[in-house]
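Peer 1: First to last, the protein sequences are chains A and B. Going by our numbering, the residue at position 41 of the first sequence is 41; the numbering climbs one at a time, nothing skipped. Going by our numbering, the residue at position 63 of the second sequence is 63; the numbering climbs one at a time, nothing skipped.
None of these hints come from the bench; they were simulated from the model. Mixed in with the good hints, there may be bad ones.
Unchecked claim - Not everything, but these chain B residues come out facing chain A in the computed CB check (under 8 angstroms):
# : residue
1 : Ser33
2 : Gln41
3 : Gln48
4 : Leu90
5 : Tyr102
6 : Phe103
7 : Gly104
8 : Pro105
9 : Gly106
Unchecked claim - Here are the simulated lysine-lysine pairs, DSSO-like style, with alpha carbons at most 27 angstroms apart:
#  : chain 1 : residue 1 : chain 2 : residue 2
10 : A       : Lys56     : A       : Lys77
11 : B       : Lys26     : A       : Lys49
12 : A       : Lys102    : A       : Lys52
13 : A       : Lys77     : A       : Lys52
14 : A       : Lys52     : B       : Lys26
15 : A       : Lys52     : A       : Lys68
16 : A       : Lys77     : A       : Lys60
17 : A       : Lys56     : B       : Lys26
18 : A       : Lys102    : A       : Lys60
19 : B       : Lys26     : A       : Lys60
20 : A       : Lys102    : A       : Lys56
21 : A       : Lys102    : A       : Lys49
22 : A       : Lys49     : A       : Lys68
23 : A       : Lys102    : B       : Lys26
24 : A       : Lys68     : A       : Lys102
This one's a predicted model, so the numbers in the text were calculated from it and none came from an experiment. Even glycine gets a Cβ: it sits at the ideal position worked out from N, Cα and C.
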Amino acid sequence: GNSVTQMEGPVTLSEEAFLTINCTYTATGYPSLFWYVQYPGEGLQLLLKATKADDKGSNKGFEATYRKETTSFHLEKGSVQVSDSAVYFCALGGNNRLAFGKGNQVVVIP
Amino acid sequence: DAGVTQSPTHLIKTRGQQVTLRCSPKSGHDTVSWYQQALGQGPQFIFQYYEEEERQRGNFPDRFSGHQFPNYSSELNVNALLLGDSALYLCASSSTGVDTQYFGPGTRLTVL
Chain A
1 GNSVTQMEGP VTLSEEAFLT INCTYTATGY PSLFWYVQYP GEGLQLLLKA TKADDKGSNK
61 GFEATYRKET TSFHLEKGSV QVSDSAVYFC ALGGNNRLAF GKGNQVVVIP
Chain B
1 DAGVTQSPTH LIKTRGQQVT LRCSPKSGHD TVSWYQQALG QGPQFIFQYY EEEERQRGNF
61 PDRFSGHQFP NYSSELNVNA LLLGDSALYL CASSSTGVDT QYFGPGTRLT VL
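One chain only, chain B, in its complex shape (with noise of 0.2 angstroms):
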């Protein structure tokens, strides 16, 4: 039984740009949540997705937005990157009405 993953493990890429994180979730979870992780910090909530569409979201901006598709897996999408957006990206899938999450290893993103 597959858990689960995010592609790609790592990324570089220059302030201004575009980025886009992939996650498929554990098998038989509907949900995907999205956190990033900064450099000795705990992980903070971006958004959840269910059902394609965006049910809650953090405190993020704008720039940060994503998307679900109908095998429940996920991307999320950042524009204009900025030097601190530099972090591990982490998605957690679970079973609607269920608080335990389960996380991929992660993608880690440098921008220079």
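Chain A on its own, in the form it takes in the complex (with noise of 0.2 angstroms):
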């Protein structure tokens, strides 16, 4: 079945850093790759999707491509602030359903 894979454990970084988040996935077919984004005591927000392969998802700075031939969707940002940190979760949607990984809690240090 569907399923996604998030590198392991918390990130902390400090202000102005690169971020970057593993995320792989198995699938048949070809699914649509979604990151979503979860703040303390909130539900997901959509941060970018990507319907295809080699299509880049972009929004507030993150970006992450749709690699077919290493069945990834690494999410990154070039400098992160205090308020990004919060859970990322990498999610594949497919069969009338989102698979996501377990996510990861990037913490931002100033």
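Please dock the two separately framed chains into a single complex, following the hints provided.
Peer 2: Structure below.
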């Protein structure tokens, strides 16, 4: 079945540092890929998406490219802010459902 | 334009009780999905409703049931609550044929 794997453990970094969160997937067919963000005590907000191979999703300085050859959808941001502190989830869409990774907590220190 | 809304925000129940959670989809959306998010985990798909019928179901027991109304709003019912049902329950809405789902703020259920 469809599944998503995110890198283990929280990510702690200083303000203005470069952020990368790895995401790989296993799927049949050509699923859509998503990144959602969850702030403390809140639901999930859609951050960006890509619907086909080589598409790049982008929003609020975050980017991710749908790489079919490596089955990856890594999230990047060039210069993080304290307000980017949250939990980030990679998700795969298909068959009328989303399959999520376990999430990565990102802590940005001033 | 109102987004996805859920009620109640928090709920405390005891083992064996039954609970009903409610969701109103984003304007223009006709499909509602429910997810369970345990502490420190990613959301797990429970089921999806479209045209007032359950269209897809995840790996959850029959204690979890749902309903969709003609106005597209939805309910999630859980019977015979277990301690392990304690979680954040998320509702998401979408338009049929579109993969992108938009989430509500969730209902935090605590089972004592």
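Peer 1: Now tell me, hint by hint, if it's right for this structure.
Peer 2: Status of the hints after comparison with the structure:
The criterion of a C-beta within 8 angstroms of any C-beta in chain A is met by Ser33 (chain B), whose closest approach is roughly 7 angstroms, and the hint holds. Hint status for Gln41 (chain B) relative to chain A: holds, with the closest Cβ pair at about 6 angstroms, below 8 angstroms. The beta carbon of Gln48 (chain B) is positioned within 8 angstroms of a beta carbon in chain A (closest approach about 5 angstroms), and the interface hint is therefore held. Given hint, Leu90 (chain B) at the interface with chain A, holds; its Cβ is 6 angstroms from that chain's nearest Cβ, closer than 8 angstroms.
The restraint placing Tyr102 (chain B) at the interface with chain A holds, with a minimum CB-CB distance near 6 angstroms, inside the 8 angstroms limit. At about 4 angstroms, the closest approach between the beta carbon of Phe103 (chain B) and any beta carbon in chain A falls short of 8 angstroms, and the interface hint on this residue holds. The beta carbon of Gly104 (chain B) comes within 5 angstroms of a beta carbon in chain A, closer than 8 angstroms, and the hint placing it at the interface holds. Interface hint status for Pro105 (chain B): upheld, as the beta-carbon distance to the closest one in chain A is roughly 4 angstroms, under 8 angstroms.
Among the interface hints, the one on Gly106 (chain B) holds; its C-beta lies about 5 angstroms from the nearest C-beta in chain A, closer than the 8 angstroms criterion. The suggested pairing of Lys56 (chain A) with Lys77 (chain A) holds, with an alpha-carbon distance near 13 angstroms, which does not exceed 27 angstroms. Taking the CA atoms of Lys26 (chain B) and Lys49 (chain A), the gap is near 19 angstroms; set against the 27 angstroms cutoff, the hint holds. The straight-line distance between the Cα atoms of Lys102 (chain A) and Lys52 (chain A) is roughly 23 angstroms, inside the 27 angstroms bound, and the hint therefore holds.
About 21 angstroms separates the Cα atoms of Lys77 (chain A) and Lys52 (chain A), which keeps this hinted pair within 27 angstroms; it holds. Taking the CA atoms of Lys52 (chain A) and Lys26 (chain B), the gap is near 25 angstroms; set against the 27 angstroms cutoff, the hint holds. At roughly 9 angstroms between alpha-carbon atoms, Lys52 (chain A) and Lys68 (chain A) fall within 27 angstroms of each other, so this suggested pair holds. Between Lys77 (chain A) and Lys60 (chain A) the CA atoms are separated by roughly 9 angstroms; this keeps the pair inside 27 angstroms, and the hint holds.
Distance check on the hinted pair: Lys56 (chain A) and Lys26 (chain B) sit about 26 angstroms apart at the alpha-carbon level, within 27 angstroms; holds. Distance check on the hinted pair: Lys102 (chain A) and Lys60 (chain A) sit about 23 angstroms apart at the alpha-carbon level, within 27 angstroms; holds. For the hint linking Lys26 (chain B) to Lys60 (chain A), the alpha-carbon distance of about 22 angstroms falls within 27 angstroms, and the restraint holds. Taken as a hint, the Lys102 (chain A) and Lys56 (chain A) pair is honoured in the structure, with Cα atoms around 22 angstroms apart against an allowance of 27 angstroms.
Of the supplied pair hints, the one linking Lys102 (chain A) and Lys49 (chain A) holds, its CA atoms being roughly 18 angstroms apart against a limit of 27 angstroms. Distance restraint check for Lys49 (chain A) and Lys68 (chain A): the Cα-Cα separation of roughly 14 angstroms lies within the 27 angstroms cut-off, and the hinted pair is therefore satisfied. For the suggested pair Lys102 (chain A) and Lys26 (chain B), the alpha carbons sit about 26 angstroms apart, so the restraint of at most 27 angstroms is met. Taken as a hint, the Lys68 (chain A) and Lys102 (chain A) pair is honoured in the structure, with Cα atoms around 21 angstroms apart against an allowance of 27 angstroms.
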